[in-house]
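J.: Take the given structure of chain A and dock chains B and C to it, following the hints.
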Amino acid sequence: MSDSQTPASERILSEADIANTVHRLAYEILETCRQDQPALIGIYTRGVTLAKRVHEVIRAAGHDLPLGTLDISLYRDDLDHLGDMLPTLETSEIPFDLEETRVILFDEVIFTGRTTRAALDGLMDYGRPAKIELAVLVDRGNRELPIQPDYVGVNISTTREQYVKVRFREDDGKEGVFISK
Amino acid sequence: MSDDNRIPSRKDLLDIASLSVAEIEHLLKIAGPFKDLFKRSVKKVPALRGKTVLNLFYEPSTRTSSSFEVAANRLSADVTNFTVSQSSVVKGESIIDTIDTLQAMRTDYIVIRHSAAGIPNLIAKNTRASVINAGDGFHAHPTQALLDMFTIREVFPESAGKKVLIVGDILHSRVARSTSTILNKLGVNVGVLGPTSLVPSGRHEFMQGFRDWDEALAWKPDIIYLLRVQLERQGEPFFPSLGEYHRVYGLTTKRYQRIRDEGLYLMHPGPVNRGVEIDNEAMNYERSLINQQVENGIAVRMAVLYWLKPATGNEKS
Amino acid sequence: MKLFQGGEIASEDSPFLQSADVLVEDGQIKRVGAGLEIPDGAEVIDCSGCVLMPAMFDVHVHAREPGQEHKETIKTCSEAAINGGITGIVLMPNTVPAIDSGGLVQTVLDIVAEKSRIQVLQTGCLTKGRAGEELAAIAGMAAKGVPMLTDDGSPVVDPRLLRRAMEYAKDFGLPCASHCEVPTLSGKGAINEGPVSYRLGLPGIPAISEEICLDRDIRIAQYTGAHVHIQHVTTSRGLDTIRRAKEDGVRVTCEVSPHHLIFNEEHIVDYDANFKMNPPLRTAEDNERLLQGLIDGVCDVIATDHAPHTIFEKQNNEFAGAPFGITGLETAVVSLYHHFIRSDRFGWDLLVRRYSAEPRRLLGLEPVPVAEGAKAEFLVFSTEKTTTYSREFMRSKSANTPFIDQTLNGQIVGVVRSGEMLLQR
Numbered sequence: 001m002s003d004s005q006t007p008a009s010e011r012i013l014s015e016a017d018i019a020n021t022v023h024r025l026a027y028e029i030l031e032t033c034r035q036d037q038p039a040l041i042g043i044y045t046r047g048v049t050l051a052k053r054v055h056e057v058i059r060a061a062g063h064d065l066p067l068g069t070l071d072i073s074l075y076r077d078d079l080d081h082l083g084d085m086l087p088t089l090e091t092s093e094i095p096f097d098l099e100e101t102r103v104i105l106f107d108e109v110i111f112t113g114r115t116t117r118a119a120l121d122g123l124m125d126y127g128r129p130a131k132i133e134l135a136v137l138v139d140r141g142n143r144e145l146p147i148q149p150d151y152v153g154v155n156i157s158t159t160r161e162q163y164v165k166v167r168f169r170e171d172d173g174k175e176g177v178f179i180s181k
Numbered sequence: 182m183s184d185d186n187r188i189p190s191r192k193d194l195l196d197i198a199s200l201s202v203a204e205i206e207h208l209l210k211i212a213g214p215f216k217d218l219f220k221r222s223v224k225k226v227p228a229l230r231g232k233t234v235l236n237l238f239y240e241p242s243t244r245t246s247s248s249f250e251v252a253a254n255r256l257s258a259d260v261t262n263f264t265v266s267q268s269s270v271v272k273g274e275s276i277i278d279t280i281d282t283l284q285a286m287r288t289d290y291i292v293i294r295h296s297a298a299g300i301p302n303l304i305a306k307n308t309r310a311s312v313i314n315a316g317d318g319f320h321a322h323p324t325q326a327l328l329d330m331f332t333i334r335e336v337f338p339e340s341a342g343k344k345v346l347i348v349g350d351i352l353h354s355r356v357a358r359s360t361s362t363i364l365n366k367l368g369v370n371v372g373v374l375g376p377t378s379l380v381p382s383g384r385h386e387f388m389q390g391f392r393d394w395d396e397a398l399a400w401k402p403d404i405i406y407l408l409r410v411q412l413e414r415q416g417e418p419f420f421p422s423l424g425e426y427h428r429v430y431g432l433t434t435k436r437y438q439r440i441r442d443e444g445l446y447l448m449h450p451g452p453v454n455r456g457v458e459i460d461n462e463a464m465n466y467e468r469s470l471i472n473q474q475v476e477n478g479i480a481v482r483m484a485v486l487y488w489l490k491p492a493t494g495n496e497k498s
Numbered sequence: 499m500k501l502f503q504g505g506e507i508a509s510e511d512s513p514f515l516q517s518a519d520v521l522v523e524d525g526q527i528k529r530v531g532a533g534l535e536i537p538d539g540a541e542v543i544d545c546s547g548c549v550l551m552p553a554m555f556d557v558h559v560h561a562r563e564p565g566q567e568h569k570e571t572i573k574t575c576s577e578a579a580i581n582g583g584i585t586g587i588v589l590m591p592n593t594v595p596a597i598d599s600g601g602l603v604q605t606v607l608d609i610v611a612e613k614s615r616i617q618v619l620q621t622g623c624l625t626k627g628r629a630g631e632e633l634a635a636i637a638g639m640a641a642k643g644v645p646m647l648t649d650d651g652s653p654v655v656d657p658r659l660l661r662r663a664m665e666y667a668k669d670f671g672l673p674c675a676s677h678c679e680v681p682t683l684s685g686k687g688a689i690n691e692g693p694v695s696y697r698l699g700l701p702g703i704p705a706i707s708e709e710i711c712l713d714r715d716i717r718i719a720q721y722t723g724a725h726v727h728i729q730h731v732t733t734s735r736g737l738d739t740i741r742r743a744k745e746d747g748v749r750v751t752c753e754v755s756p757h758h759l760i761f762n763e764e765h766i767v768d769y770d771a772n773f774k775m776n777p778p779l780r781t782a783e784d785n786e787r788l789l790q791g792l793i794d795g796v797c798d799v800i801a802t803d804h805a806p807h808t809i810f811e812k813q814n815n816e817f818a819g820a821p822f823g824i825t826g827l828e829t830a831v832v833s834l835y836h837h838f839i840r841s842d843r844f845g846w847d848l849l850v851r852r853y854s855a856e857p858r859r860l861l862g863l864e865p866v867p868v869a870e871g872a873k874a875e876f877l878v879f880s881t882e883k884t885t886t887y888s889r890e891f892m893r894s895k896s897a898n899t900p901f902i903d904q905t906l907n908g909q910i911v912g913v914v915r916s917g918e919m920l921l922q923r
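Protein chains in written order, with the numbering used here: chain A, 1 to 181; chain B, 182 to 498; chain C, 499 to 923.
Because the hints were derived from the structure by calculation, they are not lab data. We put the CB at the ideal spot given by N, CA and C, even for glycine. Any given hint could be a false lead.
Claimed, not checked - In silico lysine-lysine, DSBU-like type, Cα no more than 30 Å apart, as pairs:
#: 1; chain 1: B; residue 1: Lys344; chain 2: B; residue 2: Lys401
#: 2; chain 1: A; residue 1: Lys174; chain 2: B; residue 2: Lys210
#: 3; chain 1: C; residue 1: Lys686; chain 2: C; residue 2: Lys642
#: 4; chain 1: B; residue 1: Lys210; chain 2: A; residue 2: Lys52
#: 5; chain 1: A; residue 1: Lys131; chain 2: B; residue 2: Lys192
#: 6; chain 1: B; residue 1: Lys210; chain 2: A; residue 2: Lys165
#: 7; chain 1: A; residue 1: Lys131; chain 2: B; residue 2: Lys401
#: 8; chain 1: A; residue 1: Lys52; chain 2: B; residue 2: Lys192
#: 9; chain 1: C; residue 1: Lys686; chain 2: C; residue 2: Lys668
#: 10; chain 1: B; residue 1: Lys220; chain 2: A; residue 2: Lys52
#: 11; chain 1: B; residue 1: Lys224; chain 2: A; residue 2: Lys52
#: 12; chain 1: A; residue 1: Lys131; chain 2: B; residue 2: Lys344
Said to hold, decoys possible - Reference excerpt, derived from the structure (chain C facing chain B, CB under 10 Å, subset only):
#: 13; residue: Pro681
#: 14; residue: Pro693
#: 15; residue: Arg697
#: 16; residue: Leu700
#: 17; residue: Gly702
#: 18; residue: Asn815
#: 19; residue: Glu816
#: 20; residue: Pro821
What the hints assert, rightly or not - Estimated spans, in silico, between C-beta atoms of each pair:
#: 21; chain 1: C; residue 1: Ser841; chain 2: B; residue 2: Arg191; range: 35 to 41 Å
#: 22; chain 1: A; residue 1: Gly83; chain 2: B; residue 2: Glu443; range: 48 to 54 Å
#: 23; chain 1: B; residue 1: Arg221; chain 2: A; residue 2: Leu82; range: 21 to 27 Å
#: 24; chain 1: B; residue 1: Arg221; chain 2: A; residue 2: Gln37; range: 33 to 39 Å
#: 25; chain 1: A; residue 1: Gly83; chain 2: B; residue 2: Met286; range: 20 to 26 Å
#: 26; chain 1: B; residue 1: Glu467; chain 2: A; residue 2: Arg24; range: 50 to 56 Å
#: 27; chain 1: B; residue 1: Arg287; chain 2: C; residue 2: Ile706; range: 24 to 30 Å
#: 28; chain 1: C; residue 1: Glu764; chain 2: B; residue 2: Glu335; range: 33 to 39 Å
Only chain A is shown next, with the shape it has when bound in the complex:
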């Protein structure tokens, strides 16, 4: 799907907007580091990029937090509904002990909450964290599960039929948040 070319989509956050939002998210998290040192885990694909960017800002501020990645494909509840195009798998890398650790999960958008549900299940199979929090760049509402993020970049009000796409230079060769009209 090529979104910026799709005439019916509109860029609602620019590259600079995203940089500012990431910065703000990072400082919000940094404030919590006074109590304990959380570990950051990005959900593939763009949650990983978001986690890395936030990690970098926090590291520049003097805190080198543990960083990991999580692929949730095998925990999705819609594998049966994907026809013959199943998600490609990535390796989850959690190079630290989860036990008694506060974990912050990163996803670029929260929508129905189903991805987060899968991520929670997946993460638990790696160990028993002290606490799990959720950070997102965009909260577009329309939840189907009782799940709320702890750190939100921007809130966007949308209808269920619209799509919201976050594009990062590292993953997509272009940058911005797009919404269909």
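T.: Relative to the frame of chain A, chains B and C by itself:
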């Protein structure tokens, strides 16, 4: 999530020949994350929750059937083992009759091993379940080929251009057929050594033949792949004796010392015939990949089960 | 009286078709000529876009009766032949029981008289029960009119016995037909031995299995002076042997089947047992050499080796365990047109010579040309229509043909015998 590099699923895995290079690479790629799961204390994922896997083995093979069983369990599928000794097959009942019965059990995946080539193809045509060929006669053993390739990639990430020497009974080996095909598709050179009665010329199309070990080792292989050898096939002897085979084509202690000195890797699909194709000393070789092959078998079979898409689905939709 | 109007006539003597009307009366061809007047009371049959040619004759057919009526009967086999433009068939004796005595020949001929609308000849075994151990009751069968002796389905393994059989058959003027194969070399083979059998993991039947037996049988015929007819030759080396033997004056004839001309081992895909027969499909090069042999005349006749088997036997089990053989009567003429005549690989004259005239001569029968004064025994073939080989189309009890559900160019729209329309569509 990027849609670009996804490969559409197939219903069945019957052989290597019909897979594209992209499909093979995809399966090898997703087998990696599955193998990483083995390091966790919880080795199970819910991907195939509620699905049923039937292990239908007409030929006894504890290794392959357990490997599939572990793979299916780790994907949270329910596994039924159905081992049929060929002699107990009811006279007059065709494979199709059996399949009709199994269809009524609503199984989603059928893992089939049979002594006759082509049986998995026949079943695949007649069931909505995904059919995985776990070895049919002398024809194919595609998951063995995938696990062999996966294992080779672990020691040689850039496998193209490497050389694998297959030694033994090519004629009666589905492993040789499938593994040589996958190697050839991925640009690995294949050489073959064995008596002409077991390595008939003009049939195996892309394998280079050698007369003896000296000639074969002068080709500078990177991996020696030994096949299991039996004296008789359907009552017909193909060489004079196992002792003679061992002297001429076996990995004797002397030959083993040479491949150890040259640092070559060693593979075998198992079970090993000690004293026939391989001497005892070679079994403890640090560059033997035999145990790695077994572990990788589970990861590769998980990848295959995950990738295939049965036509069973939800009947409402 | 029937007037077949506006068609073109094929004969064994000319590659060119002749535009002419054909008038049939009392089972005879009364007149052949362009623009014939319509006699009073004559039924006019429009043959525009059609070729009229002598009806075909197949010297190698398995009708499965007595004993295996679930596969085919003499009645369904005869109707299948008519559906394929064939008005004469020669039945192989490998029924259950095998036809090895005059009494059994008579049994078959009684069924034929009651059930068949075409000419059916029954061959007899060379050895008792086809067991290859002692001579069958050849004189008794000769008295009942068998035109040929054969243990078809298997060779006579013992050369001494074959020698005696040939010597004895010669006294009765009967040709001995050979299914050439060395059983120990064929073993459990299922298809031709070569790269394809290796790829599919199927046991192979090497070409030498056929060639060694063919060589032997021709040498015994040469030694005894008997007439040997080589059935379904499939390899170019075998064909070379026959060619040399003919040059040496050996009394040898041979047949080639349509499927060995059209298909080869590369066509065997997905373990479809409708491509499994014995001798097996060989190589693409063999296809070409056999075709050349047919054009040169080394191959005397075309014969289908029509071998019906049920779907259960053919398609419900392992390939290696499925029985050998495919049906052929209904597909022969159309498939030869589709693959060879349409593309000018050979002409109509070759089809008529090799599948109508020569097979009749081989058995001492008169050919049936479409000519004034001849018996009215011909078929009407539309080059404009097509044939789809659905289960419903076929009259054989079995449908084990590689052409199943395929559509080929050409259609047999009429078959005439003794002035009667056996088939009209």
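J.: Evaluate each hint against the coordinates.
T.: The hints, checked one at a time:
no.: 1; hint: B/Lys344 / B/Lys401; result: holds, 7 Å
no.: 2; hint: A/Lys174 / B/Lys210; result: holds, 26 Å
no.: 3; hint: C/Lys686 / C/Lys642; result: violated, 37 Å
no.: 4; hint: B/Lys210 / A/Lys52; result: holds, 24 Å
no.: 5; hint: A/Lys131 / B/Lys192; result: violated, 41 Å
no.: 6; hint: B/Lys210 / A/Lys165; result: holds, 27 Å
no.: 7; hint: A/Lys131 / B/Lys401; result: violated, 56 Å
no.: 8; hint: A/Lys52 / B/Lys192; result: violated, 38 Å
no.: 9; hint: C/Lys686 / C/Lys668; result: violated, 34 Å
no.: 10; hint: B/Lys220 / A/Lys52; result: holds, 24 Å
no.: 11; hint: B/Lys224 / A/Lys52; result: holds, 27 Å
no.: 12; hint: A/Lys131 / B/Lys344; result: violated, 51 Å
no.: 13; hint: Pro681; result: violated, 14 Å
no.: 14; hint: Pro693; result: holds, 5 Å
no.: 15; hint: Arg697; result: holds, 7 Å
no.: 16; hint: Leu700; result: holds, 5 Å
no.: 17; hint: Gly702; result: holds, 9 Å
no.: 18; hint: Asn815; result: holds, 5 Å
no.: 19; hint: Glu816; result: holds, 3 Å
no.: 20; hint: Pro821; result: violated, 13 Å
no.: 21; hint: C/Ser841 / B/Arg191: 35 to 41 Å; result: holds, 37 Å
no.: 22; hint: A/Gly83 / B/Glu443: 48 to 54 Å; result: holds, 50 Å
no.: 23; hint: B/Arg221 / A/Leu82: 21 to 27 Å; result: holds, 25 Å
no.: 24; hint: B/Arg221 / A/Gln37: 33 to 39 Å; result: violated, 23 Å
no.: 25; hint: A/Gly83 / B/Met286: 20 to 26 Å; result: holds, 25 Å
no.: 26; hint: B/Glu467 / A/Arg24: 50 to 56 Å; result: holds, 54 Å
no.: 27; hint: B/Arg287 / C/Ile706: 24 to 30 Å; result: violated, 50 Å
no.: 28; hint: C/Glu764 / B/Glu335: 33 to 39 Å; result: holds, 37 Å
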